[in-house]
Amino acid sequence: MHDCKQSATNFAFAGDPFVAESFRESSWQRLTALFFIAWLCMCLPVTAEAQLAGTAQQPIQQVQNQQPAIATFGQPFPAQDTKVVAALNQILAAWESHSQGTKTLEADFEHWHYAIKKAPANVHATKGNGVLKYSKPDKGVFKVEEMLFFQGLGAAGGPPKFAFGVNPKTGQEIRLGPHWVCNGRELIEYDYQEEKCKIMMLPAGMQGNAIVNSPLPFVFNLDAEDLKRRYWLQLVASPVAGTYLINAFPKTQQDRSQYKLVQVMLDQQLNIQTLVLYPPHFNEKTAPDKDVYQFKNVKRNGVGAAVARFANAFIPAAPPKGWEITREQLPVPVATAPPAARK
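Convert by adding 769 to the 1-based position in the sequence shown; the result is the number in this note's numbering.
What the hints contain is simulated information worked out from the structure, not anything from laboratory work. Think of the CB as a built atom: it goes at the ideal place given N, C-alpha and C, for glycine as much as any other residue. Check each hint, because a few of them may be wrong.
Ranges between beta-carbon positions, derived for each pair [said to hold, decoys possible]:
{"hint": "1", "residue 1": "927", "residue 2": "850", "range": "37 to 47 angstroms"}
{"hint": "2", "residue 1": "927", "residue 2": "962", "range": "24 to 34 angstroms"}
{"hint": "3", "residue 1": "970", "residue 2": "846", "range": "35 to 45 angstroms"}
{"hint": "4", "residue 1": "1022", "residue 2": "943", "range": "31 to 41 angstroms"}
{"hint": "5", "residue 1": "1053", "residue 2": "844", "range": "49 to 59 angstroms"}
{"hint": "6", "residue 1": "1098", "residue 2": "906", "range": "16 to 26 angstroms"}
{"hint": "7", "residue 1": "1009", "residue 2": "920", "range": "25 to 35 angstroms"}
{"hint": "8", "residue 1": "994", "residue 2": "900", "range": "26 to 36 angstroms"}
{"hint": "9", "residue 1": "1089", "residue 2": "932", "range": "20 to 30 angstroms"}
Capping the alpha-carbon separation at 25 angstroms, the derived lysine to any residue pairs in SDA-like fashion look like this [unchecked claim]:
{"hint": "10", "residue 1": "912", "residue 2": "957"}
{"hint": "11", "residue 1": "902", "residue 2": "1063"}
{"hint": "12", "residue 1": "852", "residue 2": "967"}
{"hint": "13", "residue 1": "997", "residue 2": "862"}
{"hint": "14", "residue 1": "967", "residue 2": "952"}
{"hint": "15", "residue 1": "1090", "residue 2": "879"}
{"hint": "16", "residue 1": "887", "residue 2": "924"}
{"hint": "17", "residue 1": "997", "residue 2": "1026"}
{"hint": "18", "residue 1": "902", "residue 2": "863"}
{"hint": "19", "residue 1": "938", "residue 2": "1093"}
{"hint": "20", "residue 1": "997", "residue 2": "858"}
{"hint": "21", "residue 1": "965", "residue 2": "884"}
{"hint": "22", "residue 1": "997", "residue 2": "1023"}
{"hint": "23", "residue 1": "1054", "residue 2": "881"}
{"hint": "24", "residue 1": "965", "residue 2": "942"}
{"hint": "25", "residue 1": "905", "residue 2": "1100"}
{"hint": "26", "residue 1": "896", "residue 2": "1021"}
{"hint": "27", "residue 1": "912", "residue 2": "879"}
{"hint": "28", "residue 1": "930", "residue 2": "885"}
{"hint": "29", "residue 1": "887", "residue 2": "863"}
{"hint": "30", "residue 1": "930", "residue 2": "1053"}
Work out the full structure, taking the sequences as your base and the hints as a guide.
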């Protein structure tokens, strides 16, 4: 898994000076955990291998999808071969069709967070293992069950050192990392290091099926045409044999303020393998920050008693005694239809 992670994130592109508000502190980041849940929902196995035969294995060049010309940010890559465009469109169509059949989903994940201010380049600042669960249309759990922090480089060129976090108040070791629960009306965040619980009320427009209009439509939105309107989608040669690598570049200022690029690696049955998020300030040389997720043990649409047990996961637990509890209203997402093209 680690080798796959490294290969999946070796794609490089020239950074620009665009800088937005902190990637880790934005409202979008608070919702990211739930977005990943639905992203997996859309990337479960489909019988796409046969329908992609004959096109998916064509040599893939740096390419352009046939996207609408109207956009805030222009297409960041050159013209694309028509066979590659056809393969990408088939992948999107199969993905959209299959996603509509997912009612429940659970999976394990690994997460590597790279932050140049917290660890050297190419060394992750944190490493987490956790679980996620999703129930259509708007319930989810994202929980990091173990989280390690970079502690420094080993002596004489040895491997980096990592350790669990420490409660600043008690000095006790903390293994748990970020933990979110969404019950359809609220997004509850548990911070075990700071002993804080934040309850964020979802606006009416993001409850139920309307959450597909969130800032990450390629996670919730099952409309391939909508994805094309909001993102420059690029199918590129994957560094891992037998997989597809898709780049999604935001077209609008609103989406661009949340992330600069998202990369998705799928196998030939369209199982998601790796998801990489690049923040707005990403620069390959000066700010190589990113978040890398890998998924495994995916289970979809449980039945019987498993469904009842699954439903209990979305009932938020009361925070431990003494924790600070705050409440806030999440803002309504700004419309992200592409405005007039920038000249």
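Hint check results:
For the pair residue 927 and residue 850, the supplied restraint of 37 to 47 angstroms holds, since their beta-carbon distance comes to about 46 angstroms. The beta-carbon spacing between residue 927 and residue 962, approximately 27 angstroms, falls within the hinted interval of 24 to 34 angstroms. Between residue 970 and residue 846 the CB atoms are about 40 angstroms apart, so this pair conforms to the stated range of 35 to 45 angstroms. At roughly 38 angstroms, the beta carbons of residue 1022 and residue 943 sit within the given window of 31 to 41 angstroms.
Taking the beta carbon of each, residue 1053 and residue 844 are about 20 angstroms apart, not inside 49 to 59 angstroms as hinted. A C-beta distance of roughly 21 angstroms is found between residue 1098 and residue 906, which places it inside the suggested range of 16 to 26 angstroms. The hinted window of 25 to 35 angstroms between residue 1009 and residue 920 holds, with their beta carbons roughly 30 angstroms apart. As the Cβ distance of residue 994 to residue 900 is approximately 33 angstroms, the hint placing it in 26 to 36 angstroms holds.
Distance hint for residue 1089 and residue 932: a CB-CB separation of about 23 angstroms, consistent with the stated range 20 to 30 angstroms. Of the supplied pair hints, the one linking residue 912 and residue 957 holds, its CA atoms being roughly 11 angstroms apart against a limit of 25 angstroms. Pair hint residue 902 plus residue 1063 holds up; C-alpha atoms about 15 angstroms apart against a cutoff of 25 angstroms. For a cut-off of 25 angstroms, the pair hint linking residue 852 to residue 967 is broken: about 48 angstroms separates their Cα positions.
For the hint linking residue 997 to residue 862, the alpha-carbon distance of about 12 angstroms falls within 25 angstroms, and the restraint holds. Between residue 967 and residue 952, the direct Cα distance comes to roughly 14 angstroms. Compliance with the 25 angstroms bound is thereby established for this hinted pair. At roughly 30 angstroms between alpha-carbon atoms, residue 1090 and residue 879 are farther apart than 25 angstroms, so this suggested pair is violated. Restraint check for residue 887 and residue 924: the C-alpha separation of about 18 angstroms stays at or below 25 angstroms, so the hint holds.
About 18 angstroms separates the Cα atoms of residue 997 and residue 1026, which keeps this hinted pair within 25 angstroms; it holds. A C-alpha spacing of about 23 angstroms is found between residue 902 and residue 863, which places the hinted pair at or below 25 angstroms, so the restraint holds. In summary, the hint linking residue 938 to residue 1093 is supported, as the alpha carbons are separated by about 13 angstroms, within the 25 angstroms threshold. Proposed proximity of residue 997 and residue 858 is supported: the alpha carbons are some 10 angstroms apart, at most 25 angstroms.
For the hint linking residue 965 to residue 884, the alpha-carbon distance of about 23 angstroms falls within 25 angstroms, and the restraint holds. Annotation: proposed proximity of residue 997 to residue 1023 holds, straight-line Cα distance about 16 angstroms (limit 25 angstroms). At most 25 angstroms may separate the alpha-carbon atoms for a hinted pair to count; residue 1054 and residue 881 meet this at roughly 19 angstroms. Our distance criterion of 25 angstroms between C-alpha atoms is met by residue 965 and residue 942, whose separation comes to about 16 angstroms.
Restraint check for residue 905 and residue 1100: satisfied, since their Cα atoms lie roughly 22 angstroms apart, inside the 25 angstroms limit. With a C-alpha separation of about 31 angstroms, the suggested pairing of residue 896 with residue 1021 is violated against the 25 angstroms cut-off. Among the hinted pairs, residue 912 with residue 879 is consistent with the structure: their alpha-carbon atoms are about 11 angstroms apart, no more than 25 angstroms. For the proposed pair residue 930 and residue 885, the alpha carbon gap of about 16 angstroms is at most 25 angstroms, so the pair holds.
Simply put, residue 887 and residue 863 have alpha-carbon atoms about 40 angstroms apart, too far for the 25 angstroms limit, and the pair is violated. Of the supplied pair hints, the one linking residue 930 and residue 1053 holds, its CA atoms being roughly 24 angstroms apart against a limit of 25 angstroms.
Hint violations for this structure: numbers 5, 12, 15, 26 and 29, all remaining hints satisfied.
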